[in-house]
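Each protein sequence line maps, in turn, to chains A and B. So for the first sequence, our numbering puts the first residue at 1; every next one is plus one. So for the second sequence, our numbering puts the first residue at 1; every next one is plus one.
Everything labelled a hint here was simulated from the structure, so no lab data went into it. Incorrect hints may appear among the rest.
[Unchecked claim] List of simulated lysine to aspartate or glutamate pairs, EDC-like, C-alpha gap at most 20 Å:
1) K105/A x D123/A
2) K114/A x D129/A
3) K71/A x E95/A
4) K102/B x D15/A
5) K220/A x E248/A
6) K74/A x D43/B
Chain residues, written in single-letter form:
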Amino acid sequence: MAPIVLNHITKRFPDGSLAVNDFNLDIADGEFVILVGPSGCGKSTTLNMIAGLEDITSGELRIGGQVVNNKTPKDRDIAMVFQSYALYPHMTVRENMGFALKLAKTPKATINEKVSEAARILDLTQLLDRRPANLSGGQRQRVAMGRAIVRDPAVFLMDEPLSNLDAKLRVQTRTEVSRLQRRLGTTMVYVTHDQTEALTLGDRVAVMRTGVLQQAASPKELYERPVNLFVAGFIGSPAMNFLSGTLEDGMLRTSLGDFRLSDRLRREVDRSGTGRDVIVGLRPENFEDAALVSPDNRPHGITFRASIDVLESLGSDVFVYFARELGKGVNSAELEELARDSGRADSGASGETIVARLDAATHIGEGQDAELWVDTRAMHIFDPATGRNLSLVDDDGGTASVQAAPARADAGEPQAPTPDAAGSGGVQAVPGQAGPPGEAT
Amino acid sequence: MAAITPARRAGWATTNLVVIALALIPVLWLVSLSFKTPAAVLDPSFLPAQWTWGNYHGILTSAQFLRPLANSIGIGLISTFIAVVLASMAAYAIARLRFPGKSLLIGTALLIAMFPLIALVTPLFTIERALGLFNTWPGLIIPYVTFGLPLGIYTLSAFFREIPWELEKAAKVDGATPFQAFTRVIAPLAAPGMVTTGILVFLACWNDFLLAISFTSTIASRTAPAAMQYFSGGSVFTVPTGPIAAAAVVITIPIIIFVLFFQRRIVAGLTSGAVKG
């Protein structure tokens with residue numbers, strides 16, 4: 001059990017490519033941290049550096065308070081589960097699990113005891129004398145886990161341990177991993193490209209992209225307060241919808257309708273120097289069938305009409321897809337990369353189609369021209385050039401919280417706040433100014 | 001692929017039979033010769049009219065053959081062992097590591113394998129004389145290892161490349177030193193490759209005639225193929241055909257058994273189940 005500190009960790013490969021760039025993260029003792037990102041983002045390289053399988057080009061890595069940059073994996077007191085499991089094919093399950101202890105010259109009786117104990121926890125007792133070739137995928141995965149836990153290491157490292165399992169087994173094993181980690185209380189660093197795994201397992205999730213740590217926060221925080229366009233688009237399924245917006249006379253014009261921005265946000269956008277074009281992010285669950293929105297809530301959002309292309313009913317929710325003219329600006333390089341990486345080009349992230357999650361009680365049908373409402377309090381505004389989330393600038397709740405923000409944000413401003421800005425967060429909807437009807441595109 | 005018609009099948013069967021016959025008839029002829037009496041060696045009939053163990057008895061009681069046979073076995077095994085150990089280390093480095101001059105090393109190794117041996121006999125002879133290696137075991141072992149290595153490195157690096165690298169990482173994380181990772185995890189998995197390489201190197205040593213005849217002068221280090229050259233007949237005018245045939249059979253049979261025995265092991269894919277496949 002040990003905390004891990006990554007201090008300005010950088011990895012440059014001999015061919016000059018920069019795999020990990022100035023990575024900083026403090027992992028507390030017993031914490032379960034997930035490294036997540038699209039393939040090639042450097043998450044596995046980071047894990048390998050913690051394991052000691054890759055050299056650290058610069059920066060300092062501390063495990064349990066000790067600098068371990070130049071220590072071999074064997075002196076770091078870590079255990080690792082590999083994506084391919086990497087079981088030794090010429091050894092039985094028992095020998096596989098006891099290999100590390102045998103190398104450490106542990107007495108035979110102790111090895112047997114620990115292996116039996118681990119086998120019991122993982123339900124492998126019947127399989128101890130088999131060889132990996134005669135095991136199913138799920139059993140091999142458990143042996144790989146067993147090999148890690150018999151060691152009783154200070155740190156567990158997992159490199160996409162579930163990606164080779166089929167969907168059902170993956171969900172089951174995910175729960176087991178989570179239970180195991182709580183039970184053992186060992187610090188765990190877990191790499192995955194699957195955001196569902198990341199959000200369900202981790203105490204804290206670190207999102208990486210092209211070698212750079214984007215944001216490390218609790219799953220809830222990542223979801224509600226993504227620091228940039230990439231995190232916003234990567235976390236959440238279906239992904240956040242992005243639209244282009246133009247600032248004109250304090251109003252934010254989008255293809256859904258016009259919003260009034262608070263002075264604070266407007267100032268923030270002005271200060272970022274991006275001009276008048278921004279990217280607006282709206283989560284599918286921010287939308288609702290206008291007919292189901294209570295009159296109290298209506299002023300917090302805007303209503304618009306859209307013709308529904310596809311409707312998917314999941315029983316608990318209804319997903320509707322509709323097309324929107326996106327206009328210029330939204331085809332930011334970052335968004336394109338995101339769509340490519342996540343393979344979700346056709347489910348909303350790419351920009352042409354908007355996904356909305358509606359209450360199951362809705363009567364909207366496929367092909368209808370429906371009236372929808374969107375809650376603008378939860379809206380995110382991004383700088384198209386840098387991808388920065390402008391709606392988070394004040395660290396006191398931003399636009400996501402209804403109360404407070406405008407008054408404080410405007411306090412230092414010479415001009416008076418607009419009277420109707422108060423009480424509805426950083427964004428003020430303008431009722432009656434809905435966008436053009438949904439036959440756009 | 002076209003369907004296999006009966007005509008096609010018959011054609012292939014005939015071809016195969018012809019090839020097998022061409023390969024086996026000389027060997028069978030040799031066996032037959034080894035059982036013929038000295039007077040009957042010129043008898044053109046395939047089966048000996050009169051069977052005799054005399055040729056075998058003669059060579060197996062003579063130091064002129066037994067000592068070279070022991071030399072062959074000893075020199076062959078030692079050369080094979082050294083070559084396989086060195087080749088596995090070199091091949092492992094080539095398969096796993098990136099180091100400057102790697103392609104140069106592989107190129108040089110292949111170059112050695114390409115070189116016609118006969119061109120090297122004279123310089124090597126002079127070198128061995130100068131170093132006092134002439135007519136000694138090391139005098140043959142050193143060149144055998146040298147010429148066995150390129151082939152060994154080449155075969156083994158192919159085998160090492162097949163072994164998932166993650167196994168080695170797993171071993172390292174499990175607390176193995178690089179040497180332990182090699183001996184406890186990688187080498188056992190590459191065992192089929194090592195056996196294959198070993199067989200190839202051993203066969204090369206065992207069958208070598210050129211170096212054996214050039215670098216030896218007495219039966220102290222002469223190997224069996226070379227020694228057969230020095231067999232004497234019943235009189236100065238008799239060619240010792242029978243004993244030579246018997247000796248050839250004696251040195252051929254162990255190799256056939258050896259290869260048949262290890263064939264299964266060479267083919268067995270030991271790496272299955274290491275990673276999800």
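Task: Hint check, failures only - done: 1, 3, 5 and 6
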